[in-house]
Amino acid sequence: MAAVETERIGRVCAAICLLSVCSLCRGHTQDRQVSTRDRQVLIELNPGSPSPPPGDLLHARAVGDNDTLHFLFCSQGAPTLLLVHTNTSFSTVKVNWTQFNNRTHSGGLTVEPESSILYSTAVVFNRLLEYDDVNDTADPTSDLFPPYDLQDFRWSRLNLSGLTALLCGNTAASSNGSLCLQLSLFETEGRGQHWPRLLHTANSSQLRVWLDGVLPRATRSRFLLELQSVGGASPLSRVEVHRSIDDEFTPSIFKVSQWTSALNNSSDVLGFVQWKPVAYRQADPALEDAAPCRHSEPRPQSGEAVAAVSGLIRAFYKEPEATGLNVSFGLAGDPFYNSTKFLSWTLLVGVGSPPVDSFSPLVIGMMAVGLGTPMILLLLGGICVCTRKRAVATAYEPIN
Amino acid sequence: MADYDERQSLLGDESDGREADRGPGRPMPAICDPSHLLHRVVVLVFMCFLGFGSYFCYDNPAALQTQVIRDLNLNTKEFMQLYAWYSWPNVVLCFFGGFMIDRVFGIRLGTIIFSLFVCVGQVIFATGAWWNKFWLMEVGRFVFGIGGESLAVAQNTYAVNWFKGKELNLVFGLQLSMARLGSTVNMNIMGSVYSQVADLVGSPGHTALGASLMIAAVTCLFSLICALVLGFLDKRAEKILHKEEGKTGEVVKLTDVKDFPLPLWLIFIICVGYYVAIFPFIGLGQVFFIEKFNFSPAQARAVNSIVYIISAPASPVLGFMVDKTGRNVIWVIIAVVTTLCAHMMLAFTFWNPWIAMSLLGLSYSLLACALWPMVAFVVPEHQLGTAYGFMQSIQNLGLALIAMAAGAILDSRGYLLLEVFFCACVCIALMAVVTLYFVDYLRDDDDDDEGTHILLGFRASSLHCSPQSYQTTATGQDCTTDSAQCCHLWLFPPELTHYVPIGTLTNDTSQFGLHSTSSTSHTDFIFSDIRH
Chain D
1040 MAAVETERIG RVCAAICLLS VCSLCRGHTQ DRQVSTRDRQ VLIELNPGSP
1090 SPPPGDLLHA RAVGDNDTLH FLFCSQGAPT LLLVHTNTSF STVKVNWTQF
1140 NNRTHSGGLT VEPESSILYS TAVVFNRLLE YDDVNDTADP TSDLFPPYDL
1190 QDFRWSRLNL SGLTALLCGN TAASSNGSLC LQLSLFETEG RGQHWPRLLH
1240 TANSSQLRVW LDGVLPRATR SRFLLELQSV GGASPLSRVE VHRSIDDEFT
1290 PSIFKVSQWT SALNNSSDVL GFVQWKPVAY RQADPALEDA APCRHSEPRP
1340 QSGEAVAAVS GLIRAFYKEP EATGLNVSFG LAGDPFYNST KFLSWTLLVG
1390 VGSPPVDSFS PLVIGMMAVG LGTPMILLLL GGICVCTRKR AVATAYEPIN
Chain S
863 MADYDERQSL LGDESDGREA DRGPGRPMPA ICDPSHLLHR VVVLVFMCFL
913 GFGSYFCYDN PAALQTQVIR DLNLNTKEFM QLYAWYSWPN VVLCFFGGFM
963 IDRVFGIRLG TIIFSLFVCV GQVIFATGAW WNKFWLMEVG RFVFGIGGES
1013 LAVAQNTYAV NWFKGKELNL VFGLQLSMAR LGSTVNMNIM GSVYSQVADL
1063 VGSPGHTALG ASLMIAAVTC LFSLICALVL GFLDKRAEKI LHKEEGKTGE
1113 VVKLTDVKDF PLPLWLIFII CVGYYVAIFP FIGLGQVFFI EKFNFSPAQA
1163 RAVNSIVYII SAPASPVLGF MVDKTGRNVI WVIIAVVTTL CAHMMLAFTF
1213 WNPWIAMSLL GLSYSLLACA LWPMVAFVVP EHQLGTAYGF MQSIQNLGLA
1263 LIAMAAGAIL DSRGYLLLEV FFCACVCIAL MAVVTLYFVD YLRDDDDDDE
1313 GTHILLGFRA SSLHCSPQSY QTTATGQDCT TDSAQCCHLW LFPPELTHYV
1363 PIGTLTNDTS QFGLHSTSST SHTDFIFSDI RH
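Chains as they are written, first to last, in this note's numbering: chain D, 1040 to 1439; chain S, 863 to 1394.
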């Protein structure tokens, strides 16, 4: 009787274990096109420029075994990040500075050899919009103030330290407060230090955007950031929102948004912008400082308009195709920007497939120990019972 | 029968048969007659509502979690302090609750004093919120905690005093249901109370929060009124029926702790490991459902309260089932495994949380019905008070510590790790219950005539047991049991000259024993309850 019960309990435990192990099995999506191995990153500022240009250009070469990723970050006009993926580790970037600074014709920036370019994508930070949320509905279509055009900001020089570059700027009107962008490049796989602690590979770069001290124009104002993605043949076209059960690294956020580009009807992802839909209201945030974000659907934009706004796009692309979306920070009921006058948001831009999060060893270890120990105890107990088979002696005889 | 008078009963008072001798001198309307059922039903109503306020206000923080955190600028760890401070005084008080009611205050005054603590504590809590002083809120919860758990002891003592026999289980079940009703009502209406108060006050903020908590304190005032009325009715009944003031009958001797057997320590571990995965989880549940499953706040509160809603009707039914089948350890295993499955579902899947929470509600009720009576099987009667007091004391200690730990884990690592942590706690309980199963199974192989361990029994099929009171033929021992269980028989061969005590009669009458040391005949059947 007891043995049957033991067996039944054992089977139940095995089923639970199997269930949990199966749900723990999450593999990295195999990236067939871009190798996920480490890279060597070399950074240069304003390569070949005789004098400091009006807007700094950062060029980073992330060299792999047989391919290179060129990261170009420029503050001429609207801040732009351009990624170019080539199939050789010897490709270089050539800048014609007069043409580049002129911003009238394309061709100011070329990647040589041109035939080695596999894929290129760019992200342009175009505008910062502000609206007055009188009724606390977080509906950005009404009461929009005149937007801040980021191309009109006064940008500082690019501040390099290690593999990160910091760019800060403020509006021409007031010098109070600033909008900063921090670009981080990676040589190997890892995870960000600060929330949202995005998982990155060597094929991606992390951009952290934050508003610090910018004076809002109303007490109940909220912000939106407009992003545009530019690509030659296939710009980023659709945003997928994945639900994930793992919020270890970004507490209380169970979604990941990915803005991907793919060839027509193909499942191979060529490039991506990935973010967690959360912004933080403090520089060193706690759980309560999280402000969920929403994004709008990507819509096609005029490539010519984007090229006019960003010097880097004008220089590199002949006929750019662009899509754009808005990311709005804060939902109904959340505190307004005025409460802390700080807002930070992080995104990951890269080529290939976006990185997929998995459980940390702590979670797996705890579940393994937690589920395994009772089963071991069951096993040991069952062995004890079997080896101690004795007839139960009783002093009393049962009645019939 | 000659030995009729010798029987003992923990219930303290004589059976109904005696009351007729001491009935009211003059005829009274039925509702005023303390011995009449109608009057006792009125008393029952007041007894049930006695605990309503305390359970209503216990889970106020959980129902208003977002508002408390936002209006007072707390993080989750500080929020969980509100629960920890409720549990801290009960670490010590659980030992002294029975003592204070029996020796110091008496049941009537004791109930009123504890109700007063509950009321005053909630008012201090609300005032602290009104003035935006978090330390004052913690003080309020501390005072509230002093009264809350001891009030439950007083409520049980009233029940035992007024209701005997098979009514007692029903009364306990009703009291538990009323308590759960209080929690459920709290979960579902406090949110809308807050929004309406916020509209009245102008804007949400700590003032609105304080006002909502003051409104919640009205229920505590209501409980205080019930306590006063009960005291009056009890005093009146004492005068009319000339019966004594009720006693808890608990004797607590701390030195008994060193005599506790291994199964009891395992039961303690199960208790702590299990309950710390339930109450702190419900405390943090609302925001979990909002964030992970995209529920609206009202839906999240509703699913959070489903545990209580289910346990209200399920507890009596499951209690009956556990009583009928015996084998408490197996039921505890089932309850623990089900809870583990529910937590894993909430942690690792996006399945509809209604399923997991319903499972949690059922298994929580099952465990309560199966675990607490096990203590009575494992310790002799004179240690029972100490054992229960110790069990509640470490339960409260575990709750206080784990509440704070849960808040800290959530703040730093998020909900998945919190759920994994709760799974780990339930796994500890699972380890303990598996060990308990084998320890108990292996101990049965040994001969034991001490009667202080759980016995595997066998059923005598040729005799029919009835749940009513019954007598043996020769010894005149009266065994009363008021749970609907079947009794098993032992036949004692004639060569024995004395009865071997098997167990002890307890309030929940899960087992009973013999007190006679002599007998005139040996061909009689000794009724006892054997169960696993």
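Don't read these hints as lab results, they were simulated from the structure. In this text, all values refer to a predicted model and were calculated from it rather than measured experimentally. Please note that a few of the clues may not be correct.
[Unchecked claim] To spell it out: a stretch of chain D is covered by chain S in this simulated footprint if at least three of its residues, at any positions, have a beta carbon under 8 Å from a beta carbon of chain S; those stretches are: (1) 1287 to 1301; (2) 1321 to 1328; (3) 1400 to 1410; (4) 1416 to 1425.
[As the list claims (entries may be wrong)] Here are the computed distance ranges between Cβ atoms for each label pair: (5) D:Glu-1336 to S:Ile-1256: 54 to 60 Å; (6) D:Ile-1415 to S:Asp-1061: 55 to 61 Å; (7) D:Ala-1257 to S:Ser-1158: 47 to 53 Å.
[Unchecked claim] Short derived list, chain D residues pointing at chain S, Cβ under 10 Å: (8) Arg-1277; (9) Val-1278; (10) Pro-1374.
Beta carbons: idealized from backbone N, C-alpha and C, even for Gly.
Hint-by-hint comparison with the structure:
{"no.": "1", "hint": "1287 to 1301", "in the structure": "holds (count 7)"}
{"no.": "2", "hint": "1321 to 1328", "in the structure": "holds (count 3)"}
{"no.": "3", "hint": "1400 to 1410", "in the structure": "holds (count 7)"}
{"no.": "4", "hint": "1416 to 1425", "in the structure": "holds (count 5)"}
{"no.": "5", "hint": "D:Glu-1336 to S:Ile-1256: 54 to 60 Å", "in the structure": "56 Å, holds"}
{"no.": "6", "hint": "D:Ile-1415 to S:Asp-1061: 55 to 61 Å", "in the structure": "58 Å, holds"}
{"no.": "7", "hint": "D:Ala-1257 to S:Ser-1158: 47 to 53 Å", "in the structure": "28 Å, violated"}
{"no.": "8", "hint": "Arg-1277", "in the structure": "21 Å, violated"}
{"no.": "9", "hint": "Val-1278", "in the structure": "17 Å, violated"}
{"no.": "10", "hint": "Pro-1374", "in the structure": "8 Å, holds"}
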